[in-house]
Amino acid sequence: MTLLAAPREEAALAFLSRYAIFIVLVLVFGLALAVSDAFLKPAYLGNVTRQIAPVGIAAIGVTFVMILGGVDLSVGAVISLTAVLCAVQMDGEVANIAPAILAACAAGAAIGAANGLVVAFTRVSPFILTLGMGIAVAGLTQIYSGGTARGIVAPGFREFFNHRIGGVLPVLAVAFLALAALGLVVQRLTVFGRQLFLIGSNRRAALLSGTPLAGVTILAYALSGLFGALAGIALLARSGVSNTLSGQGLEFQVLAAVVLGGTTFEGGRGGIGGTVAGVLVLVIAFNLVNISGLPYHMQLVVMGAVIILASAVYGQIGNRSE
Amino acid sequence: MAVARLSTGLDLERAGIWLLLATAVAASALTIPEFRDPANLANILRQSSVLGILAIGQTFVIAVGMIDLSVGMIAGLVVVLACWILGGDPELTLVAVALMLALGSAIGLLNGLLVNRLKLHPLILTFAMLSVLQGVIFTITDRSVGRASPTLQAIANGSLLGFPLSAILLLAVLALFHVVFSHSRFGYHLIAVGGNAEGARRAGVDVKRVRLACFVISGFLAALAGLLLAGRLGTGYPLAGSGLELDAIVAVVLGGTALAGGRGSVLRSVGGVIALTIISNVLNLLEVSAFVQLFVKGLIVIVAIIVNQPPRERP
Numbered sequence: 001m002t003l004l005a006a007p008r009e010e011a012a013l014a015f016l017s018r019y020a021i022f023i024v025l026v027l028v029f030g031l032a033l034a035v036s037d038a039f040l041k042p043a044y045l046g047n048v049t050r051q052i053a054p055v056g057i058a059a060i061g062v063t064f065v066m067i068l069g070g071v072d073l074s075v076g077a078v079i080s081l082t083a084v085l086c087a088v089q090m091d092g093e094v095a096n097i098a099p100a101i102l103a104a105c106a107a108g109a110a111i112g113a114a115n116g117l118v119v120a121f122t123r124v125s126p127f128i129l130t131l132g133m134g135i136a137v138a139g140l141t142q143i144y145s146g147g148t149a150r151g152i153v154a155p156g157f158r159e160f161f162n163h164r165i166g167g168v169l170p171v172l173a174v175a176f177l178a179l180a181a182l183g184l185v186v187q188r189l190t191v192f193g194r195q196l197f198l199i200g201s202n203r204r205a206a207l208l209s210g211t212p213l214a215g216v217t218i219l220a221y222a223l224s225g226l227f228g229a230l231a232g233i234a235l236l237a238r239s240g241v242s243n244t245l246s247g248q249g250l251e252f253q254v255l256a257a258v259v260l261g262g263t264t265f266e267g268g269r270g271g272i273g274g275t276v277a278g279v280l281v282l283v284i285a286f287n288l289v290n291i292s293g294l295p296y297h298m299q300l301v302v303m304g305a306v307i308i309l310a311s312a313v314y315g316q317i318g319n320r321s322e
Numbered sequence: 323m324a325v326a327r328l329s330t331g332l333d334l335e336r337a338g339i340w341l342l343l344a345t346a347v348a349a350s351a352l353t354i355p356e357f358r359d360p361a362n363l364a365n366i367l368r369q370s371s372v373l374g375i376l377a378i379g380q381t382f383v384i385a386v387g388m389i390d391l392s393v394g395m396i397a398g399l400v401v402v403l404a405c406w407i408l409g410g411d412p413e414l415t416l417v418a419v420a421l422m423l424a425l426g427s428a429i430g431l432l433n434g435l436l437v438n439r440l441k442l443h444p445l446i447l448t449f450a451m452l453s454v455l456q457g458v459i460f461t462i463t464d465r466s467v468g469r470a471s472p473t474l475q476a477i478a479n480g481s482l483l484g485f486p487l488s489a490i491l492l493l494a495v496l497a498l499f500h501v502v503f504s505h506s507r508f509g510y511h512l513i514a515v516g517g518n519a520e521g522a523r524r525a526g527v528d529v530k531r532v533r534l535a536c537f538v539i540s541g542f543l544a545a546l547a548g549l550l551l552a553g554r555l556g557t558g559y560p561l562a563g564s565g566l567e568l569d570a571i572v573a574v575v576l577g578g579t580a581l582a583g584g585r586g587s588v589l590r591s592v593g594g595v596i597a598l599t600i601i602s603n604v605l606n607l608l609e610v611s612a613f614v615q616l617f618v619k620g621l622i623v624i625v626a627i628i629v630n631q632p633p634r635e636r637p
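Chains as they are written, first to last, in this note's numbering: chain A, 1 to 322; chain U, 323 to 637.
To be clear, the hints were calculated from the coordinates, so they are not data collected in a lab.
Partial list, derived from the structure: chain U residues whose beta carbon lies under 8 Å from chain A:
id	residue
1	436
2	450
3	451
4	623
5	627
To spell it out: a stretch of chain U is covered by chain A in this simulated footprint if at least three of its residues, at any positions, have a beta carbon under 8 Å from a beta carbon of chain A; those stretches are:
id	segment
6	438-448
7	610-622
The beta-carbon is built from N, C-alpha and C at its ideal position, and this holds for glycine as well.
Isolated chain A (complex conformation):
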């Protein structure tokens, strides 16, 4: 097939598959503009980005794992746990902000590293493993909090993250974009980032060329846990209230965004840039549902339809460019 395909067509397909999500983003944004001119207002756009920041931050970490050919379904539970942990540790004192954030990050990274250890040294399915880890962590969260909202955020914590720089851009939105930039640097400019793609696209070649498979795997899952914790902190900052179930189901939005962005379950493809675009497409689609007056729960239907459509398109492009 590869030999017969005209190089020009192949190049066009490769271009399409690489930039499809950005084209989709432009189209969805155009559709949004046609429906409502609110999408032209910078304050509204800033607010939309703030709204999706927790999902977006978690999606950055999950992208690392999925490039490697793994998956992390425990992020939703990690978000819940770290949000509660952060609030309880903060206990309404400004002096506790830094230790609380550190504790949450450590907990997230530790759970991720545990996932990574099991994946690296056994042959279990990461899908079921992280699902089980998610259930266990959700149980831990409930045990820790006693099942009710506990902990009080320090004064100024919520206000700082929701403050609009220049009256337009919320700090939380900036934090999301900064973390995405950081993720992009890790993915593109570090040895670790290149090793992720090598392992994801050809595990055997990676092994034979001396790539430290176990180390890279553990680090990728630990990063996913860490970004899950940052997402939990972002969620706490956004709402200012800790809730033991706040992250429940978010892993599916995260997964949808990553897959929309062109990172596949098979690994070796995609990246953070696509994920950020996927996150934005998802949040614009959600807001379109709201603006057009459809029932709130139709968001779920739209999300499902968007996932099916996007994956189908990638599937078609992927099959032809191979």
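Place chain U on chain A using the hints.
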């Protein structure tokens, strides 16, 4: 063959779940008097029936190398719709049952068609279907609606000579689908497709049709489980199906069915369901909090898949 089997020692994949089940029953019966109460044992069987039927369907899908995350929401949708119809007129039980079974099969058919035509990863597709169905359920209602008819409630909660009717239903479904899975041409085809789709295709098996049939079976059984659940709950609770798909997958994995496909047994999957129910029952009897139970369930999943790993690939 016999020598090879012997030299590998204990076959955990096949015997593991029965060992776990026997240990769980023996340990609980010896240490907890309330566990031995016939009413409690009947209760365990009754509680196992909904999940058992779901797990049988999931075994077909997993053994053929796919997965179906939409079953919990199919069951949830059936609970809401069945109670909504029957709340208006309890005389419509037969019509409602037929409609719901057709609805479940149709959703399964749609899953199978989309997997075949669009070449989507079944995980992604059925997850998206989960999301769509959840949206549909909540758009219909965000609170309990309608009422299950007396007939459905009697099937779900009644007993025949002290034996729960729902358990009899589970046994009948189990017997039928065990024959289909392990002793029919379709069953052999399904194992062949799950083990090596390309090899099965070259041997003349219609891979797409086998996959399609597995998704239809999964959707049909999910609807049946939903009807039973509607009878148990007595009302159309919109969250009734949430998370059931995960419990079903956990039971199948506990039963030693490989997620990669090509192996499995509906008997062992139901064994997995009963083991899970017994563990939860014992934790309840010991008055362990629901939170700790959740944690324990997660640990069970992790330990079960680590113990029951796929065999090491030969280099």
